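Visitor: One-letter residues, chain by chain:
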Amino acid sequence: MSDDRIEVRGLTKTYEGGDPRRPALDGVDLDIPRRRFVSLIGPSGCGKSTLLRVIAGLEDHDTGTVTVFGSTPESMCEAKAVGLVPQTPALLPWLNVRRNVSLPARVNRRAGRGSEDPDLLLRMVDLEDAARRYPHELSGGMKQRVAIARAFGLRPDLLLMDEPFSALDEFTREALQLQLLGLWERMSTTVVFVTHSVREAVTLSDEVVVMSARPGRVHEVLPVDLPRPRDGAVVTGPLMHALEDRVRASLQSAWEVGAAPDDLVRR
Amino acid sequence: MATSTPVRSRSGDDAPVRRRGTRARGSALSPGVWLPTAVAVVLVGFAWSAIAADQPYLLPPLSEVGAILVEDPLLFLTNAWSTLSIALLGVACGAGTAFVLALLMSEVPVLRRAIMPLAVVLNVTPVVALAPALVVAFGFGMAPKVIVTAIITFFPVLINVTTGLRSVSVPVLHVFSTLHASRMEVLLRLRVPSSLPYTLAALRVVFPLSIVGAVVAEFVAAGSSSGLGTMIRNSAATARLEYVYAAVACLATMGVLMLALITLLERRLLFWHESQQRTTS
Chain A
1 MSDDRIEVRG LTKTYEGGDP RRPALDGVDL DIPRRRFVSL IGPSGCGKST
51 LLRVIAGLED HDTGTVTVFG STPESMCEAK AVGLVPQTPA LLPWLNVRRN
101 VSLPARVNRR AGRGSEDPDL LLRMVDLEDA ARRYPHELSG GMKQRVAIAR
151 AFGLRPDLLL MDEPFSALDE FTREALQLQL LGLWERMSTT VVFVTHSVRE
201 AVTLSDEVVV MSARPGRVHE VLPVDLPRPR DGAVVTGPLM HALEDRVRAS
251 LQSAWEVGAA PDDLVRR
Chain B
1 MATSTPVRSR SGDDAPVRRR GTRARGSALS PGVWLPTAVA VVLVGFAWSA
51 IAADQPYLLP PLSEVGAILV EDPLLFLTNA WSTLSIALLG VACGAGTAFV
101 LALLMSEVPV LRRAIMPLAV VLNVTPVVAL APALVVAFGF GMAPKVIVTA
151 IITFFPVLIN VTTGLRSVSV PVLHVFSTLH ASRMEVLLRL RVPSSLPYTL
201 AALRVVFPLS IVGAVVAEFV AAGSSSGLGT MIRNSAATAR LEYVYAAVAC
251 LATMGVLMLA LITLLERRLL FWHESQQRTT S
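Going down the list, the protein sequences come from chains A and B.
This note's numbering applies: residue 1 is where the first sequence begins, and numbers increase by one.
This note's numbering applies: residue 1 is where the second sequence begins, and numbers increase by one.
Since the hints were derived computationally from the structure, they do not count as laboratory data.
A quick note: this is a predicted structure, and the numbers were derived from the prediction, not measured.
Be aware that one or more of the hints could be misleading.
Stated by the list, open to error - Just a few of them, taken from the derived set where beta-carbon distance is under 7 angstroms, the chain A residues facing chain B: (1) L84; (2) T88; (3) A90; (4) W94; (5) A105; (6) V107; (7) N108; (8) R109; (9) H136; (10) L181; (11) W184; (12) E185.
As the list claims (entries may be wrong) - Far from chain A by the CB rule (all over 10 angstroms, computed), these chain B residues: (13) L35; (14) A38; (15) E71; (16) V172; (17) L190.
What the hints assert, rightly or not - Distance ranges between label pairs, derived from CB positions: (18) D117(A) to H273(B): 27 to 37 angstroms; (19) S169(B) to G114(A): 26 to 36 angstroms; (20) G18(A) to S30(B): 53 to 63 angstroms; (21) S75(A) to L111(B): 52 to 62 angstroms; (22) F138(B) to G17(A): 50 to 60 angstroms; (23) G10(A) to L187(B): 33 to 43 angstroms; (24) L188(B) to L239(A): 21 to 31 angstroms.
Think of the CB as a built atom: it goes at the ideal place given N, C-alpha and C, for glycine as much as any other residue.
For reference, chain A alone in the conformation it holds in the complex (with noise of 0.2 angstroms):
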C-alpha cells in the first residue's frame, strides 16, 4: 500500500442480475502515481465510468482491492479529499453560481478541510461576471466550468471527471480542455478522467488506460510523452497525431478482444 498513487489490484466487479460470465470489471490493475493526469477510454459497456465510480467510493466491488494514497477511498471522501466532475454539471437550480461553487466547503465541515476562495475560483474558469447567475441562465459550458470550478474548491488529492464534455460542442470542448489544463497544472492534483474521445485523452493525459469490454479489462497503458503546456503547437504537431493513430490502434485492438459475436454480424 502506497500513499505516493493510487493502487487498484485485481478488482471485479459483477453488477446485481448481470451475467457473472462478464463482469463490467475482471481483474483489474493499475497504478496512478500523484499529480498524474490520466484518461481512461475504451469502447461503450468496458468499465470506465464504473471503475471511476469503485475509486470514488460510490460502488462496491466483489474482488480486489483499491487504495487511494494509502487510503481506502471511503477515508479519503472522509476528509474531502475527491473531487466529483460527472457528466452532468449536477449543479443545484436553486443556489447561485457563487454558492454552487462553494458547496463543498458549507457540506461536512467535519472534515475540517480548507477551501478555495469562490471568487477565486471563478476568476480562474472566467465566470466572474456570472457569480450571482443562477444555473438555468447559464450555457451548458459555463455550467460545467461551474461544476470544474467546484470540484477545485478544496483543492482535493484526487480529481475524478466522468465524460465532463461529452454533451459540448466541439470548440466550447476544445476551450475548457485548456482552462482544465490551467486548473490541474496550478493545483497540483491528481486527475482520473473517462473520455470518448482519443485527442481529448491524448491533448489532457499523462497517460492513456485503453480498456477493453466484455469483461471490463485494462487493455493497454500508453505513455503520452507530449511536452506541458500543451499549448497550441503542441496539440498540433506530429507527435500528437502519432500518439492519437497509436491509441486508435490500440483502441481497435481492444473492441476485437471485447466484441461479441452478435456485434460482428451486420443486421
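With chain A fixed as given, assemble chain B onto it according to the hints.
Guide: Frame of chain A, contents of chain B only:
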C-alpha cells in the same frame, strides 16, 4: 415576448438563455390574453340573466346576488373568515403532518412500509362519512371540521412530497457522497429543495380542496352557527337562492385568491424550475 440577454464568455461558449426576472411584462394586459375570458364571462352572464328572468327558482337574478353582497358585506366577510379559518387550520394540520411524515419516511424505509398502506386506506375512505362521528366525538366546534379538512388535504401532500424527496438526480447525490455529506445535510440541502416543485404542486391541489372540506364539514356538522357552508345550508332550506349564490361567489373568490397566492409562491420559490421558465424563441 420574453427577451434573452446573450453574453459571450472569454472561453467562447455562448451564454444563456434567460436572466432571472426577465419575464415578459405586460403580457397579461394583451387583449389576446384577457379578451377570450372576458367574452366568456359576458356570455355566461347573459345566459344566466336569461334563465333567471324566465325561471327565477332555478337561478336568482345576478343583480340581486350583487345587491346582497353590497348591502351586507360584513355578514359574508364574517362567515367567509369562519370557513377560511377552518380551511387554513385544516391545511396546516393535514399538510404539515403529511410533510413531516414524508420526511421521516424518506429516511426510515420501514416507516414508509408501515404508514403508506394506512394513508392509502385513509385516502379511499369517504371522509364525509366520518364527519358525523367526528361531530359526536368532538362537538359542534371547529375541531371536527378542521379534522375533516386535514384528512382531505393529507394524502396529496404526503404522496407528492414523498415523490419529491426521492426525485433527486443521481449525479448530484454522487457529488454529495464524495463530500461525505451527512444524511441530514443531504436531506436539508438537497432533498427538501428538490421536493419544492412537488410540494407546491400539492398545495395547488389542497388549498382549493381545503375549502371544499371546510364547507362539507359545515354542511354535516348540524348546529354550527357560522361559515359559508352553514349559510348555504340554511339559505337553501328557506329557498333564498340569492344568499346561496352570494355565498358560492365568496367561496369561489376565496379559491381564486388561494390559487393566486400559490402562483405567487411558485414564482418566488421556483424561479429556477422548468415550470417557471418560458422559451425565448
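Visitor: Each hint: holds or not?
Guide: Against the structure, the hints come out as follows:
Of the supplied interface hints, the one on L84(A) holds, with its beta-carbon coming within about 4 angstroms of a beta-carbon of chain B, less than 7 angstroms. For T88(A), the interface hint holds, since its Cβ comes within 7 angstroms of a Cβ in chain B; the closest pair sits about 5 angstroms apart. A distance limit of 7 angstroms between C-beta atoms decides the matter here; for A90(A) the minimum to chain B is near 4 angstroms, and the interface restraint holds. Checking W94(A) against chain B by beta carbon gives a least distance of about 5 angstroms; that is within 7 angstroms, so the hint holds.
Because the beta carbon of A105(A) sits about 10 angstroms from the nearest beta carbon in chain B, more than 7 angstroms, this interface hint is broken. A cut of 7 angstroms between beta carbons decides the hint on V107(A): the least distance to chain B is about 5 angstroms, and the hint holds. Annotation: N108(A) was flagged as interfacial toward chain B, and the flag holds, the nearest CB pair being 5 angstroms apart, inside 7 angstroms. Of the supplied interface hints, the one on R109(A) is violated, with its beta-carbon coming no nearer than about 9 angstroms to a beta-carbon of chain B, more than 7 angstroms.
For the restraint placing H136(A) at the interface with chain B, the shortest Cβ-Cβ distance is roughly 6 angstroms, inside the 7 angstroms limit, so the hint holds. The interface hint given for L181(A) is violated, since its Cβ lies 13 angstroms from the closest Cβ of chain B, which is over the 7 angstroms cut-off. A hinted interface residue such as W184(A) counts as satisfied when its beta carbon comes closer than 7 angstroms to some beta carbon of chain B; here the least separation is about 16 angstroms, so the hint is violated. Because the beta carbon of E185(A) sits about 17 angstroms from the nearest beta carbon in chain B, more than 7 angstroms, this interface hint is broken.
Every beta carbon of chain A lies more than 10 angstroms from that of L35(B), the smallest distance being close to 32 angstroms; the non-interface claim holds. For A38(B), the shortest C-beta to C-beta distance to chain A comes to about 34 angstroms, beyond the 10 angstroms cut-off, and the non-interface label holds. For E71(B), the non-interface assignment is confirmed: its Cβ lies about 49 angstroms from the closest Cβ of chain A, beyond the 10 angstroms cut-off. Distance to chain A contradicts V172(B) as a non-interface residue, since its nearest Cβ pair spans about 4 angstroms, not more than 10 angstroms.
Its beta-carbon lying about 7 angstroms from the closest one in chain A, L190(B) breaks the requirement of being farther than 10 angstroms from that chain. Taking the beta carbon of each, D117(A) and H273(B) are about 30 angstroms apart, inside 27 to 37 angstroms as hinted. S169(B) and G114(A) have their C-beta atoms about 28 angstroms apart, which keeps the hinted 26 to 36 angstroms range intact. Taking 53 to 63 angstroms as the suggested C-beta distance range, the pair G18(A) and S30(B) conforms, at roughly 57 angstroms.
For S75(A) and L111(B), the Cβ-Cβ distance of about 31 angstroms falls outside the hinted range of 52 to 62 angstroms, so the restraint is violated. A C-beta distance of roughly 53 angstroms is found between F138(B) and G17(A), which places it inside the suggested range of 50 to 60 angstroms. Between G10(A) and L187(B), the C-beta spacing of about 37 angstroms keeps the proposed range 33 to 43 angstroms intact. Distance hint for L188(B) and L239(A): a CB-CB separation of about 52 angstroms, inconsistent with the stated range 21 to 31 angstroms.
Going through the hint list in order, the structure does not satisfy hints 5, 8, 10, 11, 12, 16, 17, 21, 24.
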